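Visitor: Start from the sequences and build out the full structure, keeping to the hints where you can.
There are 2 protein chains.
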Amino acid sequence: MNVFLEKLVTTQKKNNTLICVGLDSDIEKIPEHLKDFDDPVYEFNRAIIDSTKDMCCAYKPNLAFYEALGPRGLETLKKTILHLPMEIPIILDAKRGDIGNTAKKYAESIFDDLEGDAVTLSPYLGYDSIEPFLEYKEGFVFVLAVTSNKSAADFQYLDCNGKPLYMHVVETVQKWNKDKNIGLVVGASQPEQILEIRKVAPDLPFLIPGVGAQGGDLDKAVDYGTRNDGIIVISISRGILYASDGEDFAEKAAETLEQFNLRIRQME
Amino acid sequence: MNVFLEKLVTTQKKNNTLICVGLDSDIEKIPEHLKDFDDPVYEFNRAIIDSTKDMCCAYKPNLAFYEALGPRGLETLKKTILHLPMEIPIILDAKRGDIGNTAKKYAESIFDDLEGDAVTLSPYLGYDSIEPFLEYKEGFVFVLAVTSNKSAADFQYLDCNGKPLYMHVVETVQKWNKDKNIGLVVGASQPEQILEIRKVAPDLPFLIPGVGAQGGDLDKAVDYGTRNDGIIVISISRGILYASDGEDFAEKAAETLEQFNLRIRQME
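Heads up: the sequence lines are chains A and B, in that order.
The C-terminal position of the first sequence is numbered 299 in this note's numbering, with every residue numbered one higher than the one before it.
The C-terminal position of the second sequence is numbered 299 in this note's numbering, with every residue numbered one higher than the one before it.
Honestly, the hints are just simulated from the structure, not real lab data.
This structure is a prediction, so every number in the text was calculated from the model and none was measured.
Accuracy of the hints is not assured; some may be wrong.
Since the list gives no way to pick one copy over another, a pair counts as held whenever it fits inside one copy or between any two copies.
Unchecked claim - Mimicking DSS-like on lysine-lysine, the simulated pairs with C-alpha atoms at most 27 Å apart in a straight line are:
id	residue 1	residue 2
1	Lys230	Lys251
2	Lys109	Lys45
3	Lys135	Lys109
4	Lys211	Lys181
5	Lys135	Lys110
6	Lys194	Lys181
Guide: This is how it looks when you write it as structure tokens:
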């Protein structure tokens, strides 16, 4: 089994959870009292990680929130990654997609510089935009199939030769998966799509965003995604991170995470 | 006219050129003698800019080449941007595409932190992934329609309701263009597509990569793109940057750029 997947599944079993904490840590939304620290976002992340590390199966920082702060934001991200326990995998939500020689550089950024275990990528440029990432055999790539935002329908749902564009992405990604290091991003806002895609791609791991702040249906996402013993990771960001804006933010984040965990365990 | 476009067109006239220099400055490809400097990529960029600034109409750094070097790479990019003459516009080639609240952060990174004049974006997530960038009314967005890589055909050429996916992108982007601050990326590897897209989108500026190292046809790209007085920017990166790997690299880059300029002027 792929190194990232093994790390993920091991953590899922140990912590009895399918939930990944999205570290979309927004300087404008973190509690006021942290702003006195030299690196407020790092302090926020550190506290969130310390309080949730035994209850989640992965962390997923979205690079946008760090890049918005400039080079210093990237330093914050690197410090955050260093603070993570070695056994918990990190998914870098980057949604990159560029031509081959450029994709190679993004892959260096993700896997060499930031030392991520997995990455999210956009499919629009096709295979040669993905391939440089797949060469990192221990790493893992989640390709966007269906996203959880309202405008996903603009292009992803377009009927292409009798099926939606996202189903072409699903089928094509399956063909690319020679080294068993690709999965799909499948948003939870239209849960029936998770079922539909699970039927076509029984073996691909799914990263499922859109539960929590975005309103997706957790029960259906878990039910549909785990059919055929499918591997899934449910990613929740704002719904956990900003459970409280007081000094108890980390504690409340852990409590909220545990409520999601309990709800999933009750389904089993 | 949009502030970026005005800056672009003014520089195109002043320098009598349609060419943008792609600052895809790769630490592994820059001349050996620069590696003794504290910041070799900055030294490289500085020399390239100094030798080409009166012969091109824009600079287009691709963020991947800077991110691969970590936080320090972003510092290099910021120093490079500071070194650019104020009157020459900068297009940040980022190909970002993420859900609304995240796209807002990427927009802050591009327009506030890096102070870019324009950006490239990927269409896969639809309108709400583009909209936060459009709110910067002085900025400009080039949405990927057709890219210049071999695998562009994987999804972009798919037949969706009787026309290729990229034509849906072209038509949809036109509808988004309320503030006249959107254009398209149209690769030069299949020049007939430039003509086809110009007919459908007579008013949209095109950013045209794929000439030079990628082998696209310069003459056809210019001819087709400028029909109906269309605004185009021809982006060339490797073909100019690495014209020589010796101490004369900046001089040779300028000579090569001038050859491209002469060729375009001969067409007029």
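Visitor: Does each hint fit the structure? Answer for all of them.
Guide: Consistency of the hints with the structure:
| no. | hint | verdict |
| --- | --- | --- |
| 1 | Lys230 - Lys251 | within (15 Å within a copy, 46 Å between copies) |
| 2 | Lys109 - Lys45 | within (26 Å within a copy, 44 Å between copies) |
| 3 | Lys135 - Lys109 | both (20 Å within a copy, 22 Å between copies) |
| 4 | Lys211 - Lys181 | between (31 Å within a copy, 23 Å between copies) |
| 5 | Lys135 - Lys110 | both (24 Å within a copy, 24 Å between copies) |
| 6 | Lys194 - Lys181 | both (20 Å within a copy, 24 Å between copies) |
In this structure, none of the earlier numbered hints is contradicted; all agree with it.
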